[in-house]
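Asks: As they're listed, the protein sequences go chains A and B.
In this text, residue positions in the first sequence follow UniProt numbering: the first is 1, and each later residue adds one.
In this text, residue positions in the second sequence follow UniProt numbering: the first is 1, and each later residue adds one.
For the record, the hints were derived by calculation from the structure and aren't laboratory data.
Check each hint, because a few of them may be wrong.
Claimed, not checked - One-sided and incomplete, this derived list gives chain A residues near chain B with beta-carbon spacing under 10 Å:
#1 53
#2 58
#3 61
#4 139
#5 142
#6 145
#7 176
#8 177
#9 179
Stated by the list, open to error - Partial selection, computed: residues in chain B whose CB lies under 10 Å from chain A:
#10 44
#11 50
#12 60
#13 148
Model, not experiment: these values are computed from the prediction.
Where is the CB? At the ideal position from N, CA and C, for every residue including glycine.
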Amino acid sequence: MASPSTPDRPPSVTASMYSSGKYSDMTIICKGTTFKVHQCIVCLQSKPLAAAMDGNFKEGTSNVINLEDDQPEIVEKMLSYMYTSDYSDQQNSTIRTEITVVCGPGGSVYLKETTTASTSNLVISSAPLTNAQVFVIADKYDVQGLKELAEKKYEEAIAGSWNSASFVASLKLLYEETLESDRALKDAAAKVAGQHARELVDRGEFAALCKEHGQIAFDVLKSSILEPAKPAKPSSCRQCGCAGQWFCKNCRCHAYG
Amino acid sequence: MITGKGRQKIRPPRRPLIGSGDGEFDAMWTILRDALKEIHEKNASKLSFEQLYRASYKIVLKKQGDKLYDKVKEFEEQWFGQEVMTAIGSLITLNLVNITLGVVAGTTANERRLLGEAFLTGLRSSWQDHITVMNMTTDVLMYMDRVYCADNRKASIFTTSMGLFREHILRSTFGKATENSGLTTFDILNSVILDQIGMEREGDVINRNLIRSNIYMLEGLYESDEETENEKLYLTVFEIEFLKASKNFYQKECQTLLRESDASSWLRQTKKRLLEEEDRCQTTISIMTAPKIAKVVEEEMISSHLTEFLAMEGSGITAMIENDRYDDLTLLYQLISRVDPSKNPLRIALQARVVELGSDINKNISNTDLSPVPTEEGEAAEAEKSKAPKQTQQGKQTAAAIKWVDEVLQLKDKFDTMWRNCLDEDLILQTALTKSFSDFINLFPRCSEYVSLFIDDNLKRGIKGKTEAEVDVVLDKATTLIRYIQDKDMFERYYKKHLARRLLHGKSESADVEKQMITRMKQEIGNAFTTKLEGMFKDMSMSEELTSGYRTHIRNLGDMDRKVVDLSINVLTTNHWPMESMGGANARDEGGRHNCNWPLEINTLQESFKAFYLKERNGRMLTWLGFLGNADIRCVFPKIPGKEGALGRERRHEISVPTYGMIILLLFNDLANGESLSFEEIQERTNIPTQDLSRQLHSLAVHPKCKVLTKDPANKDQPKAGDKFSFNEKFTSKAVKIKAPVISGSINKVEGEDERKVTEERNDEHRGNVIDTVIVRIMKARKEFTHQLLFSEVITQLAQRFKPDLSMMKRRTESLIEREYLERVEEASAPTYRYLA
Chain A
1 MASPSTPDRP PSVTASMYSS GKYSDMTIIC KGTTFKVHQC IVCLQSKPLA
51 AAMDGNFKEG TSNVINLEDD QPEIVEKMLS YMYTSDYSDQ QNSTIRTEIT
101 VVCGPGGSVY LKETTTASTS NLVISSAPLT NAQVFVIADK YDVQGLKELA
151 EKKYEEAIAG SWNSASFVAS LKLLYEETLE SDRALKDAAA KVAGQHAREL
201 VDRGEFAALC KEHGQIAFDV LKSSILEPAK PAKPSSCRQC GCAGQWFCKN
251 CRCHAYG
Chain B
1 MITGKGRQKI RPPRRPLIGS GDGEFDAMWT ILRDALKEIH EKNASKLSFE
51 QLYRASYKIV LKKQGDKLYD KVKEFEEQWF GQEVMTAIGS LITLNLVNIT
101 LGVVAGTTAN ERRLLGEAFL TGLRSSWQDH ITVMNMTTDV LMYMDRVYCA
151 DNRKASIFTT SMGLFREHIL RSTFGKATEN SGLTTFDILN SVILDQIGME
201 REGDVINRNL IRSNIYMLEG LYESDEETEN EKLYLTVFEI EFLKASKNFY
251 QKECQTLLRE SDASSWLRQT KKRLLEEEDR CQTTISIMTA PKIAKVVEEE
301 MISSHLTEFL AMEGSGITAM IENDRYDDLT LLYQLISRVD PSKNPLRIAL
351 QARVVELGSD INKNISNTDL SPVPTEEGEA AEAEKSKAPK QTQQGKQTAA
401 AIKWVDEVLQ LKDKFDTMWR NCLDEDLILQ TALTKSFSDF INLFPRCSEY
451 VSLFIDDNLK RGIKGKTEAE VDVVLDKATT LIRYIQDKDM FERYYKKHLA
501 RRLLHGKSES ADVEKQMITR MKQEIGNAFT TKLEGMFKDM SMSEELTSGY
551 RTHIRNLGDM DRKVVDLSIN VLTTNHWPME SMGGANARDE GGRHNCNWPL
601 EINTLQESFK AFYLKERNGR MLTWLGFLGN ADIRCVFPKI PGKEGALGRE
651 RRHEISVPTY GMIILLLFND LANGESLSFE EIQERTNIPT QDLSRQLHSL
701 AVHPKCKVLT KDPANKDQPK AGDKFSFNEK FTSKAVKIKA PVISGSINKV
751 EGEDERKVTE ERNDEHRGNV IDTVIVRIMK ARKEFTHQLL FSEVITQLAQ
801 RFKPDLSMMK RRTESLIERE YLERVEEASA PTYRYLA
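My request is simple: use the sequences and hints to build the entire structure.
Replies: Okay, here's the thing in structure tokens:
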């Protein structure tokens with residue numbers, strides 16, 4: 001379990017509750033993975049989970065909830081947040097996944113996840129996609145703090161690794177699995193994509209994604225206009241050094257370059 | 001579909017969501033609809049929350065939230081129509097409708113109660129079911145509420161379902177009976193609850209919990225789906241009805257009480273009703289109504305007929321005060337405080353009562369006071385006859401003064417007790433009471449004199465043998481009374497006079513208490529008031545030092561040849577002592593201080609003291625006041641030859657006489673046996689004022705107790721010009737020490753009418769001077785001042801001392817203009833004065 005606690009400090013009480021699973025009064029099952037958790041931690045931070053436990057439903061009596069439709073590693077990150085107020089978006093040792101976006105037949109884009117094999121050149125960060133997935137689950141189970149944290153981490157992650165399959169995959173996820181009105185992450189992603197549009201169009205999966213999703217293409221276009229890629233060297237007047245139009249108003253020369 | 005190489009194929013590929021078919025929605029909705037049905041039928045425990053939540057989450061994510069919302073609403077409406085309304089409809093019977101319409105034919109209260117309870121129970125259970133179901137539904141649809149409803153500004157599904165309940169259950173009609181009359185369930189509900197409350201007011205026991213549950217329902221429902229706080233159905237519909245019904249009820253109740261009961265039971269019933277309603281708000285209906293229903297009760301039960309109840313014969317406010325009905329008064333105060341923070345009706349009644357009782361005291365005293373008009377002592381004609389009764393008359397009047405003060409204090413005590421016990425020490429009422437006391441006390445013309453006499457009496461005798469605490473109580477009372485007196489200058493005048501006598505004649509019981517009294521007055525009235533009084537005390541202690549100093553001085557002279565006259569002296573500072581009222585009644589009239597002729601022995605003594613006194617205090621003038629003080633004289637009466645018994649022996653007596661008496665008696669020292677002096681001769685040689693002389697001679701030659709002189713003619717008339725006096729050799733007395741009876745002067749008592757007139761005149765004169773001073777002082781500061789402002793300023797400045805008379809102020813201003821202190825400013829629009837430096 002990825003605990004953010006520093007080595008010189010003992011892990012917090014809640015962190016040890018999670019890692020040990022002791023005194024657990026609630027079980028979350030997700031695709032075969034079982035999490036032993038505590039209602040007082042989990043239900044207080046998520047209203048839907050609380051409703052499931054408190055209500056007069058099946059979950060209320062058995063204290064077991066089966067999250068059939070979620071990813072175990074993402075659920076784990078959500079729980080990690082609930083117990084430690086943080087989660088790690090780096091690859092961890094237990095579930096090693098590699099995600100690639102592959103152009104399938106018919107031009108569709110798929111996400112492909114594999115365990116990292118020996119193919120060394122493919123070791124790229126999956127952080128953008130992980131954070132986007134955490135964001136989606138936080139929205140689904142109404143964990144407000146996690147949403148904010150995921151947003152922050154996502155922005156940090158894409159700034160560095162925009163040129164990755166994971167980023168493209170996260171773009172796709174955001175446009176498909178969050179509400180249209182929820183713009184925070186999409187804007188950040190589109191902004192980065194816009195800045196690097198020139199490089200990204202060379203990526204096959206990005207091009208395919210844009211072809212498929214007009215909305216993504218439009219947003220990236222819009223942001224590339226608003227956030228033009230910075231030229232490597234700004235043009236300046238050779239004589240007086242001022243930046244400006246092709247015609248230098250200061251020295252009335254055309255000596256730009 | 002691409003499969004991974006490894007065992008983990010985590011994410012199944014997704015189809016593009018946009019345009020995903022209705023088929024998917026229908027599948028999801030089917031799941032949800034079936035689940036909702038189960039929930040409504042209370043079979044939810046088999047359902048998986050996760051599955052339902054996921055279904056609704058998916059629908060909303062696919063932007064089909066609106067569709068879901070409408071479907072759920074439709075489902076609820078159907079449910080109401082099919083299930084709930086039939087259940088409610090069966091509860092509304094014809095009887096219930098008739099009761100609501102007020103057509104109560106042949107139903108007893110008990111029947112009505114049972115019928116109502118059944119209805120309320122039914123409504124309660126359908127409400128509670130509805131709440132449970134909707135809570136679960138809301139849980140399942142949580143994502144829709146949070147995302148879809150919030151984004152689209154739609155009321156949450158819970159709110160919507162509440163609205164549905166309101167519209168379909170409360171605001172609809174059921175069955176034939178109600179359809180004809182146009183009554184809704186809500187009307188019936190209101191009428192049933194009000195009917196039940198009515199029964200409780202009559203003393204029945206009702207099921208409060210049941211009503212409370214239904215009230216909760218009304219509190220949870222709103223006029224619209226906006227759910228604004230003040231639009232609760234409870235507030236907009238039920239409360240209005242409730243208040244209206246209560247108003248009617250209490251109107252009737254109050255009228256019944258007015259007709260059939262007395263004020264006392266009215267107070268109790270009102271109090272009881274207020275408590276009941278408070279209780280009802282807490283247990284049966286909503287606490288929100290508490291202030292409103294209290295107001296209704298206050299208006300109907302207290303305000304509307306307050307004056308009628310207060311005026312009730314035998315139980316109204318008069319009787320309450322009269323008979324010390326503290327409980328009633330306490331209740332009355334509490335109730336009136338609720339409706340009127342200024343407590344006007346109570347205040348007016350209390351004030352009227354105080355003035356009434358106070359005036360009674362005034363009247364009683366005045367009656368005993370005025371019956372036989374006391375004759376002035378100077379009137380010689382019937383002096384002899386009226387002598388004895390007059391003394392007692394004087395005594396009676398003094399007693400009357402004390403009695404007046406006592407009664408006033410009793411009244412004050414009574415109202416104070418009442419104020420403490422019943423009126424919650426209310427400040428407004430205290431001020432009002434104080435004002436009323438002040439009013440009636442100042443209505444009594446002799447209040448200043450009487451209060452001073454009361455203090456005098458207490459300081460002379462009253463505090464003898466009392467503990468410090470008890471003395472404190474007396475002083476407190478005195479202070480209270482002083483506070484009420486408006487004409488403080490009059491009081492000061494009397495107090496000075498009485499104090500002077502106490503001090504000079506050694507009548508004061510305790511110098512300590514005297515000083516305490518002064519201190520209290522200082523706090524109460526101010527420094528200016530007490531400086532002179534303190535001066536008097538200073539003079540007294542100074543005199544004591546002087547006397548002993550003088551004695552030492554004489555002893556050190558060693559002049560033993562002289563006949564030693566033991567001198568004890570009081571040196572009084574002129575300004576501090578009220579000379580006129582200390583006995584030198586005529587001194588003033590005759591212009592300046594009167595000097596009598598002192599006998600030689602005394603003269604020597606005076607000179608010797610004067611020398612001693614002036615040695616340290618150069619430039620002072622000493623005036624000897626013959627009308628004050630007294631002397632002990634040793635007298636030898638020779639044995640009379642041929643007489644047996646007492647007369648046969650030589651008799652020595654020590655006679656204590658006033659100073660004037662001493663001067664007279666010393667004249668007879670030089671007289672041969674058998675010689676006599678005429679009145680005129682005595683007056684010529686002594687220069688004692690006629691009135692004082694006559695009075696003195698009366699005590700020495702007429703009064704049997706100390707008849708050391710004989711008078712010719714030997715009758716009991718007041719000595720007058722033409723009478724002859726000689727030494728009474730035959731005087732006998734059993735006592736060795738004899739005190740010559742004092743005709744007047746040393747006892748503080750009520751003034752006669754004439755004396756009083758004189759005092760008042762003097763006081764007025766003094767006031768005139770004070771007003772002059774104040775006007776000049778103000779004008780000096782202001783230079784120019786309007787008439788109006790000047791007068792109000794004068795009144796404020798003098799308020800501590802007395803209430804200046806307007807015409808007197810005008811006269812004084814005129815006089816100041818005449819004396820050229822002020823002038824009128826001619827050109828000013830309002831009358832204005834200017835100060836002339």
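Asks: Next item in the hint list is residue 44/B. Is there a CB on chain A closer than 10 Å to its CB?
Replies: Nearest chain A Cβ about 5 Å off; hint holds.
Asks: Taking the closest Cβ pair, is residue 142/A under 10 Å from chain B?
Replies: holds (6 Å)
Asks: Taking 10 Å as the limit, does the beta-carbon of residue 139/A come near enough to a beta-carbon in chain B?
Replies: Hint on residue 139/A: holds, closest Cβ of chain B at ~8 Å, below 10 Å.
Asks: Close enough to count: is the Cβ of residue 179/A nearer than 10 Å to one in chain B?
Replies: Holds: closest Cβ of chain B sits about 6 Å from residue 179/A, inside 10 Å.
Asks: Quick check on the hint: residue 60/B CB to chain A CB, less than 10 Å?
Replies: For residue 60/B, the interface hint holds, since the closest Cβ of chain A sits about 8 Å away, which is under 10 Å.
Asks: Can residue 145/A be said to touch chain B, with a Cβ gap under 10 Å?
Replies: Since chain B brings no Cβ nearer than about 16 Å to residue 145/A, farther than 10 Å, the hint is violated.
Asks: Under the criterion of a CB-CB separation shorter than 10 Å, is residue 53/A in contact with chain B as hinted?
Replies: holds (8 Å)
Asks: Mind checking the CB of residue 61/A against every CB in chain B and telling me if the closest is under 10 Å?
Replies: With Cβ-Cβ at 6 Å, under 10 Å, it holds.
Asks: Under the criterion of a CB-CB separation shorter than 10 Å, is residue 50/B in contact with chain A as hinted?
Replies: holds (5 Å)
Asks: Any CB of chain B closer than 10 Å to the CB of residue 58/A?
Replies: holds (5 Å)
Asks: Interface hint check: residue 148/B, Cβ to nearest Cβ on chain A, cutoff 10 Å. Holds or violated?
Replies: Since the shortest Cβ distance to chain A is 9 Å, the answer is holds.
Asks: Would the stated hint for residue 176/A survive a check requiring a Cβ distance to chain B of less than 10 Å?
Replies: holds (6 Å)
In summary, the one numbered hint that this structure violates is 6.
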